[in-house]
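Undergrad: Chains as they are written, first to last, in my numbering: chain W, 1 to 445; chain Y, 1001 to 1437.
If you are wondering where the hints come from, they were derived from the structure by calculation, not from laboratory data. Any given hint might turn out to be false.
[Said to hold, decoys possible] Derived lysine to aspartate or glutamate pairs resembling EDC-like cross-links, with alpha carbons at most 20 Å apart:
hint	chain 1	residue 1	chain 2	residue 2
1	W	K39	Y	D1234
2	W	K87	Y	E1102
3	Y	K1373	Y	D1200
4	W	K87	Y	E1106
[What the hints assert, rightly or not] Listed next, the stretches of chain W that the computed footprint assigns to chain Y, with coverage defined by at least 3 CB atoms under 8 Å from CB atoms of chain Y:
hint	segment
5	38-46
6	69-81
Glycine included, each C-beta is placed from N, C-alpha and C at the ideal position.
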Amino acid sequence: MAVEYLKEKLEEIRSILDNFVWIKEYQVFMQSLTNQYAKTYEKINETIQENNSIGLALRVLSTNNQLLEKSLAISELEQLNTLTEPKSTMSSREDFELPPLKEPHRSSIAGDFSNSVNLQDRPTLGIISEAEKFTDTYEMPFEHQARVSLEQKLVHNSNDITLTESTFRVNYQISTTFEVYETHFNLNRETAARNLQLNYDEIIRDLVNATISRIKSRTINLPEDACIILHPQILGILISIYYSSKFVNTEIGETIWSKNLNLYDDPHRTNGYYSTLFDDEGTLTRGKQLIADGKKLNNLTDLRSSDWQSGGNGFRMEWFQARPRSYQFPVRPAISNLVLTGGTGKGQYFTDRPGTCIVIRDAQGIPSMGSHRGQFILQVHEAEIWRNGIHEGPVKGFSLQGNLDEILTKGHLSADESVAINRLIPGSVYTGWLVIPPSTVVLRS
Amino acid sequence: MGIDFVSCVQISKESFRGICVNGEMIERETKSDWGTGFYLLHGTKDGFYSTNDFSRSNPQLVDIAQSLLKTNHQSNYPAKPIPRSVTNDIRSSGPWQQDMLEQSDEIIAGINDHLATYTDMLRYVVKIRGDDIRKSTQTSQGSSILHNSQSATLELYLNSKDNPEIELTTTIGGVQEEDFNYDLIMDRLEEQLSLLQQFDNPRQAKNGNFPVVLTPDSTYSLIHEGIGHAVEADQIITGMSFLTGKLGYKVASSELTVTDDAHLRNSGWAEYDDEGTKTKGTLIIEEGILVDYLHTRKTAEAMDTLPTGNARASSFDQVPEPRQSNIFIEPKDYDLEEMLEDIDFGYLLGPTYLASTSIYTGQIQIETQYCQKIENGELTDYMQPATMNGHALNILSNVSKIGNTISKFPTDCLKAHSRLEIGAYAPHIFVKSVNLQ
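Generate the whole structure from the sequences, applying the supplied hints.
TA: Written out as structure tokens, the structure is:
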């Protein structure tokens, strides 16, 4: 599915909208999203899914300054012919107008590489097939999962500016049956395009070997005096969820985290997973500092929350959805690439400290999204225990309960960073490892 | 060798979403969506293809469906047309008696008018959601089902400016007109306003173990999070659930009986599930004993049992998976006063603010919107939100009294990446000892 198809459909939409004399201005957001997912277990159970979704979200401003917002599946395009003038009971503003799009400096960060991505070849099965070559030598069952997604978006304003962008993402994970050990691997757009021309041997070999080295876990009596070390993936998920809840309710100027911590949103990050030149409202994006020295500095804004003046973080997104960003969702202020800095040292050396550490690499659960107190509870799937710098092996089967404010106030962040990406999160988070002093969080087996 | 099972679900949905914050509409959007999901089972393999661009994809659809199976054998689908030996057409009048957008505007305008005199003392948010769904399910086993339904939900958040830690949330809605109308909403608004005024510099509840009475909303959260998710058969098969292998075991007090019943006219209502299986009431816990899990066709086959009609998908592009529908917690003999009378010191834990659980371990955490002190059998001071912690089985084994009045309300449920509406029927319950933080 190329951007050209969206442009064809756009012409169809424009010809319909131009027939309505009551329309003063309009903005069209179009999205085409193709997902392919494959899972195999012991080469016996096999699941393949493919989703193909195309749609548009429309903002129309009438001549009497009423705003009409509507999203449509491409299969429902005919409904545009019956569009009726909005007669809202809500008050209208006389000076209201949709902000015009501006010409971006570049047409797109990644360009349209959709022609080089052939989903008919089932790249998901290719990835799994390569992975199975490595696991064939082990006498245990494995579950392999691979996912690819190709997204194209287009924003068009009635002032005749059209912006387009393409994104391609790959995720892979492997688990042993009944023991959930997962490793996520993500390719950003540029490297995805490059690696698709190669085979996946090297990538998959590292991935499988790394996972296998962590199996044979055991249940332990949890030591009460242990430090907890959170993998960036876990910390990133907590921060991104927390961001949508307490942070946005916190007053500007309030100190909430340790004074050396800084958080900013960086939509232009090189190779950033959610880097984009413009948001879903067509506003050019820019970096924004959100927390400076532990103190809240800014909120993210979309057009509506900035009184139709600035924006830049308006994305059609929803939490905990199969597709976190879709034309179906209303615009909300959302993160692009969130970056947490201010740490010192390297995370890999955190385990060298005296005493006992539990390194938490993977966990699932529903952190208390929206909690007044930033509380979370996670079920830990994958962890390691270290004593006096010596690795004692993997552990499993416990839950972790705590408060994000507290761990980011009392904890120590590393300077190195890696990216936290989760399908549930409509953005990415770049952060380091966090070591949390004993008794700051509660472990329960 | 043919394909064992094929289902084709077409869903057409007209929706409205609106959010009003302190009198200002920040979202007001209608949605139209139409698409097809195509699910196939063949031995141990399954495949799923979905599209909302059917006209464009249709010529390829059969090829894709067959290639999903990765089999060289001749398929009997779709060369052999689906027999339509079973046809059901279910219609409901639903809660939307006029255009969703107009009816929503009217409700929000009414709430804004009513709250105009309260803006000095509170902040408020109104979220309103409406769906008009037409669903067509066809299966290779001969089912052809039409299912038309409507649903409506209104969430109201009130936050006291004097006591900002108090944030009252209530949800109104369902699938019938009687569940969602202007008068009902305004009555609930009045109740919430009256409740908000009961808080006067509320203090925190003590930490420790106390006897508590849970409101129906908290009772439901405890059962839904602590038991409901843990009996979904996909969690059992993968060994993720702490209730794996516990069928036939005592997992709760003998007072407790819990059923999942999609036939009840609440948010989880469906006469057929999304695989075309006829729904039925499934007894999950009978007098404290775990008696069944919730199954789809696939999980039932894997566990050598029958599907329970719990295959639910949030959209045409989602594969149906085992989900709860309407959770019914059987009422017993006690009125609220009788539950309170033996408590010298304890708490009434108010409606849930947030609940989460670790299915792996059974650890559960429920944060309430507020709580109320119980002293010498009487309800006294309103207190700040409290957080209940513990293991689901410990808490459920401490349930000793169940109320005689049942509350019906809509809720929604998040599992992995899909959100579904679920109906709840729950009474007050008395728990002898619960840890509060």
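Undergrad: Sort out which numbered hints this structure fails and list those numbers smallest first.
TA: none
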